[in-house]
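Trainee: Heads up: the protein sequence lines correspond to chains A and B, in order. Our numbering puts the first residue of the first sequence at 1, with every later residue one more than the last. Our numbering puts the first residue of the second sequence at 473, with every later residue one more than the last.
The set of hints was computed from the structure by calculation and includes no laboratory data. A couple of the hints might just be wrong.
Chain A stretches covered by chain B per the calculated footprint, using a threshold of three residues with CB under 8 Å from any CB of chain B [as the list claims (entries may be wrong)]: (1) 160-174; (2) 269-280; (3) 313-324.
Just a sample of chain A residues kept apart from chain B, beta carbon distances all over 10 Å, derived [to be verified]: (4) H60; (5) V110; (6) T188; (7) R207; (8) P213; (9) S253.
None of these values were measured; they are calculated from a predicted model. Virtual Cβ for every residue (Gly too), placed ideally from N, Cα, C.
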Amino acid sequence: MSDVLTVPKSRRNMEAVLLLLALLVGVGANMVIGLDQDRAFDADFWTQGATLVGLVLIFHIVLRIRAKYADPVILPIVTALNGIGLAMIHRLDIANNDTAADRQLLWSAVAVAAAIAVLFVIKDHRILRRYTYISLIVSAILLLLPLTPIGLELNGARIWIQVGSGTFQPGEIAKITLAIFFAGYLSTNRDLILLAGRKVGPLQLPRFKDLGPMVAAWLVSIGVLVLQRDLGSSILFFGLFMAMIYVATSRVSWVLIGVALLTAGGLAAMQLFSHVSLRIDGWINAFDPEVINRPGGSWQVVQGLFGLASGGLAGTGLGQGRPDLVIYANSDMIIAALGEELGLIGIFAIVLMYVLLVSRGFRAALGTRDGFGKLLACGLSFTIALQCFVVIGGVTRLIPLTGLTTPFMSAGGSSLLANWIIVALLLLISEAARRPAAVGPMGGPMVPAMQDAGAKPAARKRSLRKKEASGS
Amino acid sequence: MDGSLVLTLLRYGFLLLLWLMVISVVGAIRRDLVVGSRNRTGTPTARQIRKNPELEKQAPAPAKLPARQVCVTEGPLRGTTLELASSPILLGRAQEATLVLEDDYASGRHARLFPQGSRWFIEDLGSTNGTFLGGSQLTRALPVEPGVPIRIGKTVLELRP
Chain A
1 MSDVLTVPKS
11 RRNMEAVLLL
21 LALLVGVGAN
31 MVIGLDQDRA
41 FDADFWTQGA
51 TLVGLVLIFH
61 IVLRIRAKYA
71 DPVILPIVTA
81 LNGIGLAMIH
91 RLDIANNDTA
101 ADRQLLWSAV
111 AVAAAIAVLF
121 VIKDHRILRR
131 YTYISLIVSA
141 ILLLLPLTPI
151 GLELNGARIW
161 IQVGSGTFQP
171 GEIAKITLAI
181 FFAGYLSTNR
191 DLILLAGRKV
201 GPLQLPRFKD
211 LGPMVAAWLV
221 SIGVLVLQRD
231 LGSSILFFGL
241 FMAMIYVATS
251 RVSWVLIGVA
261 LLTAGGLAAM
271 QLFSHVSLRI
281 DGWINAFDPE
291 VINRPGGSWQ
301 VVQGLFGLAS
311 GGLAGTGLGQ
321 GRPDLVIYAN
331 SDMIIAALGE
341 ELGLIGIFAI
351 VLMYVLLVSR
361 GFRAALGTRD
371 GFGKLLACGL
381 SFTIALQCFV
391 VIGGVTRLIP
401 LTGLTTPFMS
411 AGGSSLLANW
421 IIVALLLLIS
431 EAARRPAAVG
441 PMGGPMVPAM
451 QDAGAKPAAR
461 KRSLRKKEAS
471 GS
Chain B
473 MDGSLVLTLL
483 RYGFLLLLWL
493 MVISVVGAIR
503 RDLVVGSRNR
513 TGTPTARQIR
523 KNPELEKQAP
533 APAKLPARQV
543 CVTEGPLRGT
553 TLELASSPIL
563 LGRAQEATLV
573 LEDDYASGRH
583 ARLFPQGSRW
593 FIEDLGSTNG
603 TFLGGSQLTR
613 ALPVEPGVPI
623 RIGKTVLELR
633 P
């Protein structure tokens, strides 16, 4: 709904230059680590470097063919983050004698392949709108899967499923399908929700029956909290819905109702469930020796804070700290590990990269012309932002630590896969936003519009694009 | 000794590289960050007018009278009027539309009219045949001035003060 003009310029060359820099960051981090550990340029370094470069170059070429006008900075930022994450996981592997980096590399390849597949299969993000309610069903199935016999309970949270010999976290994919559902539902029903309602002071309260989806989202997040014991995902799902309904209706009353529901749910959960109250106790009294030493206490957070402190302003240098002392240093606590070795200066650069990535997502939302795309881009970029906030806030003890992954950096295949798919969707939406609109006289003769917003507009757009391509 | 010097250099060099990356990205998107004459959006600010006096003339005159009703001037529903309140209006053939158009060339949920500030905007909702404002097809939400025809299928509407 903005009047921002977009410039019809592909800017893929700009992306190539930035990609070079991003690859330099990713491969450079690995090189510094290798030099530090006196195992410079060994086989691991070459496999990891070559795979990363290869994957990203393929993606870049696909973008040149498939989404010529997509945002030029999203891919470089994501590449740099993924590269830094890989290097840090590799560095922790050397300290712990693990092979997590190989798995992460394999999952990066799978994730990039999935993102490319998304770019090829979904030619226009508006197609996804047709699957609004299917997405809802898929999300429900994905969220329920861990509770079935194939589900797996690790570290007290039941959010994994067993796939072959590995594990997978279906909730990560569910955040995408939920975003699609919310975007489809809200773009269709926005006006109905907006129309009615009583005014109380400066707030316009929604009608009770329009509260239905809000209550449903609240129940889902409470269900995740109670049945799967996962505080992080629960906050993520509810935050996603609140952000999207605020973007759709621009009503503050929704946010207030949401915050009230969340507070009520949180307080109730704190009273009823020991794992929640233990988390909160470990947050408030983190430095109490009793709390530090108790199982599931604050030892992990406190150790991470000591790591961050020993890093100081400029860090100990990659490979020279002891981030391996923290448990889950390569997944939940990767921010603490990076903060120790790169220091405040380095961690700020990383946080800024996330900020830039999220801002590009919102920029795509501003530029795109359809309500569904706007909501979807907002929702997807908001999940990345909220996830970063919850993780980094947890590690730095701003909020209680919850088990969410740091997008693109944490070791963990499902998170990587989901986030690369999000990137592919954001690239598609930004392409729709920046692609020059087909101008000129009316696009052909009118057709009776018997089906609403169905295949016809998308098909016509595509044929127009083909015409442009053959013309140039 | 030499080794540790190299390592220290690499350590700071890497931090420098990280920031170089961030700054280049910001440089790449600076076009979006500047508000200059090239991508002027909406009404120029008082400061911009002071700098470039010619902007003042181009600035649209403030809305004389806010639109109070929408009126169908052509098509099957010709003559129908609808009072505008402060809530958005959905135009289309679907039953839930605020103004149900009995027009075979209109989509179920064709377009929406919504108020923002003191003006009304029209936005196409991905219709099959498109929405036309004063002769040009909508590609994004645009403000509607009273008297400018909005064409949806074979129906033409306009806002009246």
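Trainee: Can you list which hints this structure breaks, lowest number first?
Mentor: Result: hints 1, 2 and 6 break, sorted rising.
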